[in-house]
Amino acid sequence: MSGAPAIEVRGLRRVFHVRQGLFAPPRQVVAVDDVSFAVPAGSVLGVVGESGCGKSTLARMILGLLPPSAGEVLVDGRRLSEMDRRARARLIQPVFQDPFSSLNPRRRVRDIVAMPLVAQGSISRAEIARRVEESLSRVGLSTEQGTRFPSQLSGGQRQRVAIARALVLRPRIVVCDEPTSALDVSVQAQILNLLAELRRELGLTYLFISHNLAVVEHVASEVAVMYLGRIVETNESEALFAEPRHPYTRALLASVLTPEPGLGVPDVGLGDTMPDPANIPGGCRFHPRCPLAFERCPVEAPRTTPNGAGFVECHLAETA
Amino acid sequence: MMPSGDRSAESGEGLNRPAENASLLEVENLRVTFGGTAAVRGISLKVEKGETHCLVGESGCGKSVTSLAVMGLLARGGKREAERLAFAGTDIRNYGEREMSRLRGDRMAMIFQEPMTSLNPAYTVGSQMTEVLRRHRGTPRAQAVDRAAELLGRVGITAPGLRLGQYPHQLSGGLRQRVMIAMALMCDPELLIADEPTTALDVTVQAQILRLLAGIQKELGLGILLITHDLGVVARIADRVSVMYAGEVVESGPTAELFGDPQHPYTRGLLTCIPVPGKVKRDEPLGSIPGIVPRIPPGYVGCAFRDRCPHAHAECSGEIPRRAAGPGHEVLCTLPAGWPEGRMGRQAA
Ligand SMILES: Nc1ncnc2c1ncn2[C@@H]1O[C@H](COP(=O)(O)OP(=O)(O)OP(=O)(O)O)[C@@H](O)[C@H]1O
Ligand SMILES: Nc1ncnc2c1ncn2[C@@H]1O[C@H](COP(=O)(O)OP(=O)(O)OP(=O)(O)O)[C@@H](O)[C@H]1O
Ligand code: SF4
Ligand SMILES: [Mg+2]
Ligand SMILES: [Mg+2]
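Order-wise, the sequence lines are chains A and B. If you count the first sequence from 1, position 174 lands on 177 in our numbering, and the numbers rise without skipping. If you count the second sequence from 1, position 56 lands on 1168 in our numbering, and the numbers rise without skipping.
Chain A extracted, bound-state conformation (with noise of 0.2 Å):
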């Protein structure tokens, strides 16, 4: 084993150009914007930002599903760019958003996990048939359910075939990409559980996307907080939920539902126009919707501070 961080990321961008029109010259959307960071094998790193920052954009240039616009990915201390498609699938995984689109309509579930060991193109059919099926029962799926097509599932039990397609090439890390958005608590119960059992039996590394921050700051031991496209606060999980530092890390925090009947939804007071991805605000990105914003906000970017385990990006920080 290696001592190298499980995920490290350095300088990674990604530009889409968008075209508004026929005639209209593209427009830029910078989706992930010269971000940094590293993960330490065994351990969970919570993402969470809000809808279009560029979560899911950088969890496919980490599964190098993406090319980066600039910077570069190393996996378990090796560039990703060099390693071939099939080691790169022994070692990281999936999990995505969206079950429905993410897996083949036209597929048997059991045809559909045992796709990444098909993909390996050295393994037995009786060792693949033996490993569908216990990915199957790892996630609670019945070798009937295994037969079905994923439209005959419900959302739920998609999601728990997707699960058992990144297991079962037993892979070092996976990236969960709101992984559980689609499932009622119980059931995201159960799978949170199974996702942190599996963490200890098989010393996996998380990435793991969601915008639940109930459910990160339980899988997670620690949490970057992105904004238009960077990282603007990380810290281990307890001191960022104890103490966020961030404006936005803390209408995040306040914005959260809990289910107490009669308290309504809060107004957290960052306004109800969202920001253009395509127009990022100068200054620090977050000051039009910053309800702590002064004068320097808007015209100088905020320096990264070191904070706790992590750092925070705000003009706030650096003065504290």
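You may find that some hints are simply not true.
Label pairs and their in silico Cβ distance ranges [said to hold, decoys possible]:
1. Glu-1262(B) / Pro-291(A): 20 to 28 Å
2. Pro-309(A) / Glu-1396(B): 27 to 35 Å
3. Thr-150(A) / Pro-1410(B): 49 to 57 Å
4. Glu-1262(B) / Arg-22(A): 19 to 27 Å
5. Ala-90(A) / Pro-1422(B): 42 to 50 Å
Keeping only pairs whose Cα atoms sit at most 25 Å apart, straight-line, the calculated DMTMM-like set for lysine to aspartate or glutamate is [as the list claims (entries may be wrong)]:
6. Lys-1158(B) / Glu-263(A)
7. Lys-1330(B) / Glu-263(A)
8. Lys-1330(B) / Asp-270(A)
9. Lys-1191(B) / Glu-1431(B)
Where chain B lies over chain A, by a calculated footprint (3+ residues, C-beta under 8 Å) [to be verified]:
10. 190-202
11. 254-263
12. 266-273
13. 304-313
Everything labelled a hint here was simulated from the structure, so no lab data went into it. Using N, Cα and C, we set each Cβ at its ideal position, and we do this for glycine too.
Could you slot chain B with the ligands onto chain A? The hints should help.
This is chain B with the ligands only, laid out in the frame that chain A set:
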């Protein structure tokens, strides 16, 4: 047949005439089967004008099938039966595809659990959104584009011009979801059926969308049937809640009552497995309800939860009575009212 575009014609004649103060949506004893699977087993529920009724329950319990059955959009092989299925007082059980498609997207709109079910990958967001208005209302293109841009703005999408020109695959999951919400609102529907509408969204946007829906609801008296597994959302916005299990509503009641005095063991179990920030410890398993929803063959008798229920007893394999537990509060369970907390043995943690 009804002349197109004339709403008043839908009131029809005689028996089918809507009552003055009819519920917006009335479902009585709805059943849906797929071959050997009974997906929905006798569900009754109502949505009043201006009301939010939340449907919660285990994955696979039939929430989506219920909403699809109401919209007349069941997948091939799905068979629907009901004693009553009325929209604004008009029974729509015998509506054909033409009549249903005239209602859908217009007076009753749906936000699907799978965004890609209603977004066509081959067309831009703009052409799909304007198509709804043009088809139902014959609205001229330029006006429809304005309406689409306005709604995208209201669901919090800046640069609507940019988004209108994009294809669904170019949008993040959350943006797609917001586009779907905007699209559902294009014709000012009276009933909105929303299947997990904020699931793909982070919490700040979720809060914003829920506030937006509440605003539109107040403005237009919109009735909402909201399917979600997020009990936080339910607690904060529902007027009424129906808890489903294995194709049945096992408990329903006013929100405060259901959270404050849950009666069904399944409802109680659910409420104990929510991770609440500050209360969950990492590396400790969450509370969960062991087991999975059984497959229910048609003709199944007894409580479907009995294999997982810590309080199951002999009577649970027979007919289960639906008992009143308070005003508008009903439970499908053999346990007596106010059954002792002491029997909740397993929930010590
Ligand atoms: N087209 C179909 N053919 C056969 N069975 C189906 C079909 N669609 C749904 N089912 C079954 O009907 C049951 C109810 O499914 P439904 O999609 O309504 O669940 P749900 O409550 O919406 O779950 P989730 O929370 O996971 O979305 C499930 O057991 C499912 O497997
Ligand atoms: N293929 C693409 N072409 C053009 N723009 C894209 C593409 N994929 C993503 N984007 C843009 O990049 C930005 C980040 O998208 P991404 O999917 O990474 O967000 P996200 O954080 O995963 O959001 P969500 O929580 O909604 O899933 C968005 O503005 C999105 O529109
Ligand atoms: S730098 Fe300024 S605008 Fe940005 S988060 Fe901090 S206070 Fe708010
Ligand atoms: Mg995403
Ligand atoms: Mg569903």
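So, going through the hints one by one against the coordinates:
Distance hint check for Glu-1262(B) and Pro-291(A): the Cβ-Cβ separation is about 21 Å, which falls inside the suggested range of 20 to 28 Å. A beta carbon spacing of about 30 Å between Pro-309(A) and Glu-1396(B) agrees with the range 27 to 35 Å that was offered as a hint. Between Thr-150(A) and Pro-1410(B) the CB atoms are about 21 Å apart, so this pair departs from the stated range of 49 to 57 Å. A C-beta distance of roughly 23 Å is found between Glu-1262(B) and Arg-22(A), which places it inside the suggested range of 19 to 27 Å.
Take Ala-90(A) and Pro-1422(B): their Cβ atoms lie about 48 Å apart, and the range 42 to 50 Å holds. Distance restraint check for Lys-1158(B) and Glu-263(A): the Cα-Cα separation of roughly 24 Å lies within the 25 Å cut-off, and the hinted pair is therefore satisfied. About 22 Å separates the Cα atoms of Lys-1330(B) and Glu-263(A), which keeps this hinted pair within 25 Å; it holds. A C-alpha spacing of about 17 Å is found between Lys-1330(B) and Asp-270(A), which places the hinted pair at or below 25 Å, so the restraint holds.
A distance of roughly 24 Å separates the Cα atoms of Lys-1191(B) and Glu-1431(B); the hinted pair therefore holds under the 25 Å criterion. Interface restraint, the region 190-202 of chain A with chain B: holds (7 residues with C-beta to C-beta distance below 8 Å; minimum three). With a threshold of 8 Å between beta carbons, the proposed coverage of the region 254-263 of chain A by chain B holds, since 9 of its residues qualify and at least three are required. For the region 266-273 of chain A, the stated coverage by chain B holds: 7 residues have a C-beta nearer than 8 Å to a C-beta of that chain, and at least 3 were required.
Under the rule that three or more residues need a Cβ within less than 8 Å of chain B, the assignment of the region 304-313 of chain A is violated, with 0 such residues.
Checked against the numbered hints above, the structure violates hints 3, 13; every other hint is satisfied.
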